[in-house]
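For chain A, the structure is supplied; the task is to place chain B on it using the hints.
Here the protein sequences line up with chains A and B, keeping their order.
Take the first sequence: its letters are residues 31 to 156, numbered as in the numbering used here.
Take the second sequence: its letters are residues 31 to 156, numbered as in the numbering used here.
Treat each hint with caution, since some may be false.
Computed, partial: chain A to chain B, Cβ under 8 angstroms [unchecked claim]:
#	residue
1	A42
2	V49
3	L56
4	P66
5	M77
6	T81
7	V100
8	L127
9	V133
10	V134
11	T142
12	D144
Residues from chain A shown here face chain B by an in silico Cβ test under 10 angstroms; the list is partial [unchecked claim]:
#	residue
13	Q40
14	E44
15	L46
16	L59
17	D82
18	G83
19	S86
20	A95
21	G96
22	T116
23	R120
24	R122
25	Y123
26	L130
Restraint-style ranges between C-beta atoms, simulated for each label pair [unchecked claim]:
#	chain 1	residue 1	chain 2	residue 2	range
27	B	T81	A	A145	18 to 24 angstroms
28	A	Q110	B	R135	28 to 34 angstroms
29	B	S86	A	Q106	52 to 58 angstroms
30	B	G96	A	K102	43 to 49 angstroms
31	B	K102	A	S128	34 to 40 angstroms
32	A	K102	B	N84	38 to 44 angstroms
33	A	E105	B	A146	26 to 32 angstroms
34	B	Q106	A	A145	19 to 25 angstroms
35	A	K102	B	S86	42 to 48 angstroms
Because the hints were derived from the structure by calculation, they are not lab data.
We put the beta carbon where it would ideally sit given N, CA and C, even for glycine.
Protein chains: 2
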Amino acid sequence: MSGPERAAGQFAYEGLDRVIHERARLGVLTSLIAHPKGLAFGDLRRMCQLTDGNLSRHLQVLTEAGFVEVSKSFEQNRPQTFCRITAEGRARYLDYLSVLEQVVRDAAAAVTADAAAPGLAGLAPA
Amino acid sequence: MSGPERAAGQFAYEGLDRVIHERARLGVLTSLIAHPKGLAFGDLRRMCQLTDGNLSRHLQVLTEAGFVEVSKSFEQNRPQTFCRITAEGRARYLDYLSVLEQVVRDAAAAVTADAAAPGLAGLAPA
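If we strip away everything but chain A, and leave its shape as in the complex, we get (with noise of 0.2 angstroms):
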């Protein structure tokens, strides 16, 4: 089964989308996922441990692909900008994560497999 014959693609995941699969973006879209309400420039900075040029440029990259909004407003007199995952961008990442969660299936069942017929392992050539 888990020979060269296996199915054409099967480890080409191209549900990966390439906007979201991105480290620091995965990192940005996580953080907005787990915090509907939305967060302040400097929070989602701090938590993914993103310069502000970095930030900056990746949510031009996710704004302009319709996965997060950004506002200004003024809090006690000060700029604030505010982030906030679109209903679009959800979608887009919950199918994201379905696909992931095909890699992690794969992964560990290939790991399991190997850990368990260490003589199969064996076969290989030198």
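Relative to chain A, chain B alone:
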């Protein structure tokens, strides 16, 4: 518990090694983890739905990182390129996998909490 008071860097996911995280290489390494005896270049290309050039480029990154070894041999008088994950590659992939599982857990917890507490989500500013 889900407010901005959460720890700095909680969503940084620094353990998502970029060498492994890139979508095509994640597919290549997952294929090779699932086939510890190794895979012929053509089988790997088919499973990951990559072009010859793309697979070659990603294999170069992975061999330079020491995660994969590529050997050339002859089979029925035809040159054969064979790819295997190294012990180092396997260890690093398992480290990566544990972070990926954390992302899935964080996201699943957030999605579940959000669905279970629509009243909380309703507190979000307009």
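Any CB of chain B closer than 8 angstroms to the CB of A/L127? holds, 5 angstroms
The hint names A/R120 as touching chain B; please verify it with the least Cβ-Cβ distance against 10 angstroms. A/R120 check passes; min Cβ-Cβ to chain B is 8 angstroms, inside 10 angstroms.
A/L59 as chain B interface residue, shortest Cβ-Cβ below 10 angstroms: Status holds, d = 9 angstroms.
Under the criterion of a CB-CB separation shorter than 10 angstroms, is A/Q40 in contact with chain B as hinted? This interface hint holds because 5 angstroms falls under the 10 angstroms limit.
For the hint 38 to 44 angstroms, verify it against the beta carbon of A/K102 and that of B/N84. Hint holds: Cβ distance 41 angstroms, inside 38 to 44 angstroms.
Given A/Y123 as an interface hint, is its Cβ closer than 10 angstroms to any Cβ of chain B? holds, 7 angstroms
Hint A/L46 vs chain B: min CB-CB distance below 10 angstroms? Constraint on A/L46 satisfied, holds at 5 angstroms.
Return holds or violated for the Cβ distance of B/K102 and A/S128 against the range 34 to 40 angstroms. holds, 38 angstroms
Tell me if the beta carbons of A/E105 and B/A146 are separated by a distance inside 26 to 32 angstroms. Between A/E105 and B/A146, where Cβ atoms are some 29 angstroms apart, the hint holds.
Given A/G83 as an interface hint, is its Cβ closer than 10 angstroms to any Cβ of chain B? violated, 16 angstroms
Interface restraint verdict for A/A42 against chain B (beta-carbon cut-off 8 angstroms): Result: holds, 4 angstroms to nearest chain B Cβ.
Per the CB criterion, is A/M77 less than 8 angstroms away from chain B? holds, 5 angstroms
Hint check: violations occur at hints 2, 6, 7, 11, 17, 18, 19, 20, 21, 22, 24, 27 and 34; the rest are consistent with the structure.
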